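Please build the complete structure, drawing on both the sequences and the hints.
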Amino acid sequence: MKTLNSKQSLYVTLGIIIVSTVLISMSIYTTYHYAETKNKIIEKMKETSTVTVSSLQKNVANLIEVYAINEYEKLLVNEIEPRDIFAIVIEDFRMGKILGKKSYISGIIRDEKGHVVEIDPKNELQLQQLHRCYYSDQYDIKSTSGENLGTIRIYISDATMVRELNELILKAVINIIAVSVLLIFSLFMAIRYFILKPLSDIVAVIVHSDDGGIPINFVPEYDAREIFVLSTTINTMIKSIRDSKIELLNQHNELRAQKNALQYQATHDALTGLANRVLFSERLEYVIAKSKKQHTQMALLFIDLDHFKEINDSLGHEAGDKVLTIVTQRLRETISNEEALARFGGDEFTVIMEGLQDLEEASRLADKILKLLSEAIVVEYKELYVGCSIGISLYPNNGDTSQDLLKYADAAMYAAKNEGRNNIRYYSSDMTARALERVVMETSLRSGLKNEEFVVYYQPQMNGKNDRLIGIEALVRWQNPLVGLVSPAAFIPIAEATGLIVELDRFVMKRAMGQIAQWHNEGLKPGILAMNLTIKQLQQKDFIDFLHNLIQETGCVPEWIELEVTEDQIMINPEEAIKILREISSIGVKIAVDDFGTGYSSLSYLKKLPINKLKIDQSFVRDLPNDDEDAAITKAIIALGKSLNLEIIAEGVETEAQKEFLVQNGCENIQGYFYSKPISAEEMKKLLLKSVH
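With the first letter of the sequence shown counted as 1, position 324 gets the number 328 in the numbering used here; the numbers rise by one all the way through.
Not one of these hints is a red herring.
Straight-line C-alpha distance at most 27 Å; calculated DSS-like pairs for lysine-lysine:
1) K386 x K611
2) K612 x K313
3) K50 x K146
4) K326 x K386
5) K78 x K117
6) K117 x K48
7) K540 x K514
Computed beta-carbon distance windows for the label pairs:
8) L275 x D546: 26 to 32 Å
9) T271 x L648: 48 to 54 Å
10) E365 x K611: 41 to 47 Å
11) K612 x L275: 29 to 35 Å
Since the hints were made in silico from the structure, they are not lab data. Fair warning: this is a prediction, and the values are worked out from it, not measured in the lab. Think of the CB as a built atom: it goes at the ideal place given N, C-alpha and C, for glycine as much as any other residue.
Here it is as structure tokens:
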């Protein structure tokens with residue numbers, strides 16, 4: 005590749021062109037002038053020859069006729085001396101005859117010094133000189149009568165012509181040099197000033213460019229039209245290139261921003277801004293590899309919100325999004341390393357804890373998250389209670405791949421949810437088997453609903469003072485054809501998680517309300533029919549219409565019905581719960597709060613609820629009367645119920661001592677194995693018949 009130094013300057017090139025052009029032009033002119041001068045000299049020779057002959061012809065003829073040889077030689081001398089003639093030779097035919105020759109030759113010639121001498125026909129030197137003459141011409145000499153007397157030949161040498169031509173060449177060379185130098189200098193200066201300098205200035209501006217090769221300054225504009233056009237064109241190009249560069253830079257920045265945005269969107273959750281499943285998986289792989297290399301421990305926390313779906317279903321996705329945003333903010337405030345936090349999907353979040361010195365660090369963080377998410381969330385002036393279940397898997401204890409740790413943390417989370425929610429569970433090996441059982445259970449559950457494998461059992465509710473029946477609670481049981489009777493604890497959580505609980509609840513309501521109406525028609529006195537109702541059922545838009553239609557269809561009187569709603573479900577969205585429960589209450593159906601004392605009730609909401617009864621959870625009854633704490637809580641619930649003019653009933657009563665403690669402290673209504681376990685409709689009818697008689 006040729007470098008800049010190997011390139012020839014335009015000045016040199018232009019100098020060569022100018023010098024060559026001038027020299028060629030002057031050479032052509034000189035050559036032409038030389039030829040023209042030479043032709044003029046030749047013409048002059050011919051003219052001299054003609055004039056000389058014209059002058060001699062008649063006189064010589066007369067002298068030949070009288071044989072006056074000496075006389076015409078004198079005449080020749082007179083003619084040659086004033087003229088530029090080299091020699092004149094005369095052939096005299098008459099004298100030749102006399103002498104016995106063809107002709108008599110005589111004449112004059114110039115010697116080497118230019119003196120005129122007589123011609124000697126035998127002189128070889130003279131003959132050679134005549135032969136070398138540049139020009140000669142021969143003319144006839146005639147008498148007056150027309151007789152040919154002889155010839156006269158004029159010889160003209162080129163010495164004079166050569167001399168004149170040499171002088172001409174010398175003058176021409178001097179003139180060429182002088183004119184050429186002047187012309188070359190003038191042309192070069194003119195071209196340099198009007199062409200080369202502007203071009204050099206333009207080149208200098210173009211060479212002085214930025215890192216991108218774009219000139220920093222604009223080129224100057226000159227008066228000459230062509231240079232002006234060139235300057236303005238280059239300036240237009242520079243401006244266009246600058247504009248294009250700016251536009252390209254803007255496009256590049258825009259594309260980079262779009263690329264970054266797309267990359268961010270591909271790896272981050274649009275709603276919360278947290279890492280999404282894709283980025284989380286990459287980070288988890290990285291932390292596992294880092295832990296392997298450094299021989300450290302790590303934990304994976306899998307967080308699932310407990311009642312998020314109910315909020316979404318009741319208040320809509322916009323409210324759900326606000327809840328997720330608030331939850332994310334709380335998690336960010338709790339977790340110091342935000343890169344460890346991700347939204348795995350829906351209402352699921354994950355936290356990666358690396359470099360653990362103590363496995364209790366995971367428990368402490370999980371407890372903090374649990375407490376933080378148990379606090380009320382205010383959305384559109386409504387207090388919502390969500391809570392969460394957390395599953396924890398450990399590296400290297402539970403596995404060394406991202407798939408295993410994620411699968412095990414998920415299984416632990418489901419275990420926490422199945423054990424009452426708002427819990428933390430570490431992974432254990434039997435959870436994998438239970439997770440598989442859960443999948444099988446869900447499939448069987450759908451099949452069981454389709455094949456009507458579910459039956460309704462009834463548990464009596466008694467007055468502890470007089471042991472009389474005051475009501476019955478309808479409880480669902482699954483009569484699986486392969487495994488027999490399945491406990492509700494095994495399938496109710498799955499039904500709730502999959503949404504099948506709505507269909508299951510309606511099946512129980514239809515069977516139980518039809519049964520209670522039949523018993524009343526038969527003259528039996530079953531009392532109040534209590535039925536569990538999940539919040540998912542209450543969130544169905546057609547539930548009120550369904551209840552109305554079912555009452556008419558079964559012939560069940562509203563006053564015979566009591567619907568039990570758990571405390572924690574009410575507190576997910578208390579304002580919405582109040583609205584729905586009031587509609588149910590307006591029909592004449594009683595409302596009871598189930599599992600009271602286990603949730604996070606607010607007294608301000610509790611007094612607004614259209615409830616008729618509080619149901620003390622069996623967890624407080626189990627250790628009565630020996631556990632002072634349970635005793636105090638039970639007494640407080642009874643006192644609260646009485647202050648709000650609510651009925652009180654305790655569930656899970658199994659011993660005489662438990663019953664006596666409750667009755668003595670003001671809770672007369674009792675439900676539990678002390679009186680009866682849940683029994684089939686046939687057994688319940690027998691019990692009703694006994695109570696009648």
